[in-house]
Amino acid sequence: QDPATGWMAYAVGDISSTGADRITRLEMTWTVGEEPTKSSAFFSPWFGMDPADNLNLIQPVNPWSGSRFGGGSWSAYTEYYQWSPTHNSNSKSFSVSSGDTLHGSLIYDESSDSYTLTQECVETGASSTQVVKAQNGKKYNIPYVVYEKTFPCADYPPDEIVTFRDIIVECDGVDCTKDVKWSEMVKDDNCEMAAHISDDNSEISITWNTKASSTYDSMSRQELFDLNYHGNWALAMDLDENLLALDGVRLPTPVHPIKCTADIALIAEDLKSGKDAVTTIESSCDKTRSEQCITDLTSLMGVVDTTLEHATTALSDCMDGTGSDCELNLDNIVADLESVSHDLEEVLVTCPARQLKDCVKDVVASGKALFTVIEAAVTTYKECKA
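With the numbering used here applied, the sequence shown corresponds to residues 63 to 448, in that order.
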């Protein structure tokens, strides 16, 4: 039931003074935050609303999914989470960048007793939407603004603020923005997270302190993952898939030194092939979406798949099962490699529907992030065997 574990600072609204049955429109705009510094965390600012029993959350979300070696990314989509019986649905995710403007809306349609959930990037026009029917005729009347998922403070964006602005609330079809009684709340106290509501209800900010101490400072990354990986949008990120893919090779035996050396050589070749592919794409996709451009983009995706295959094989061949810090570091790097590879493949898949210059820019950025992780992997392989 909401408010759920992992909600930190949040604002909750009360419309009872309006005499209305439900909120028929809720809209907000905000700016995507700065990128955290080498943050392997996942978290999200979002707004949304529930019916009176707090069991049916609809929300436009803006998750950060991070990597210790760079390549983390912001995304945006809409989410519906039903607590009983458990049900979850997400609209299609799209990538956004720091400084982009997001506009979310939840709009009621009386004829179908449903809400249209929309998330849009103002600068690029990218959008994502879904329609959610009210469960058993429930009436949505509790609005929220939330920052969710608990990690050490340095993992959060360095700008230390997100502001939901240009807030519009309609109750039974009538503007009630100024009539909503908002309250500033904290569920899981962390990093001095706090909500701030403007006098005219047009803005709600959440602030934090990246230099503060945290209850979660002493927890390992695996413990933090286990603590936070639950509920609505977090499950939609499929983060466990990257970790579970490595479970079978986390502590392999025995070590195969000859195969390990060969694996490292293959990964070094993958690194060169990937860099060459990105350089080719910058040239072939410079101005036109030519057949060669499409071929080169497809070729890069093949390089990514091959690199991930070689890295996973190397993990099995190069580790001796001792569980040393060196080997655990190697294990974490390959997990990062899967995450960054997924980011790049997502960019490549969405390229046909996007403006060419934006596509190429993101491919180059994601490719460079991938190469950074590959280089770290090669270095660590060699150090582990030194």
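Some hints here could point you the wrong way.
As a list, the in silico DSS-like pairs of lysine-lysine whose alpha-carbon atoms are at most 27 Å apart [to be verified]: (1) K334 to K273; (2) K423 to K337; (3) K201 to K243; (4) K201 to K249; (5) K240 to K273; (6) K201 to K240; (7) K243 to K200; (8) K154 to K334; (9) K249 to K200; (10) K334 to K423; (11) K195 to K154; (12) K430 to K334; (13) K273 to K337; (14) K337 to K430; (15) K154 to K423; (16) K273 to K200.
Just so you know, these hints were derived from the structure itself, not from any lab.
A quick look at each hint next to the structure:
At most 27 Å may separate the alpha-carbon atoms for a hinted pair to count; K334 and K273 exceed this at roughly 39 Å. Taking the CA atoms of K423 and K337, the gap is near 14 Å; set against the 27 Å cutoff, the hint holds. Taken as a hint, the K201 and K243 pair is honoured in the structure, with Cα atoms around 18 Å apart against an allowance of 27 Å. Between K201 and K249, the direct Cα distance comes to roughly 24 Å. Compliance with the 27 Å bound is thereby established for this hinted pair.
Proposed proximity of K240 and K273 is contradicted: the alpha carbons are some 35 Å apart, above 27 Å. A C-alpha spacing of about 20 Å is found between K201 and K240, which places the hinted pair at or below 27 Å, so the restraint holds. With a CA separation close to 21 Å, the supplied pair K243 and K200 stays within the 27 Å bound. Of the pairs offered as hints, the one joining K154 and K334 is violated, with about 33 Å between alpha carbons and a cut-off of 27 Å exceeded.
Among the hinted pairs, K249 with K200 is consistent with the structure: their alpha-carbon atoms are about 25 Å apart, no more than 27 Å. A threshold of 27 Å between alpha carbons decides the hint, and for K334 with K423 the separation of about 20 Å falls inside it, so the pair holds. Restraint check for K195 and K154: satisfied, since their Cα atoms lie roughly 18 Å apart, inside the 27 Å limit. With a C-alpha separation of about 12 Å, the suggested pairing of K430 with K334 holds against the 27 Å cut-off.
Proximity of K273 to K337 is assessed by CA-CA distance (about 37 Å); at most 27 Å being required, the pair is judged violated. For the hint linking K337 to K430, the alpha-carbon distance of about 8 Å falls within 27 Å, and the restraint holds. Using a Cα cut-off of 27 Å, the hinted pair K154 and K423 holds, with the two alpha carbons roughly 21 Å apart. Restraint check for K273 and K200: the C-alpha separation of about 42 Å exceeds 27 Å, so the hint is violated.
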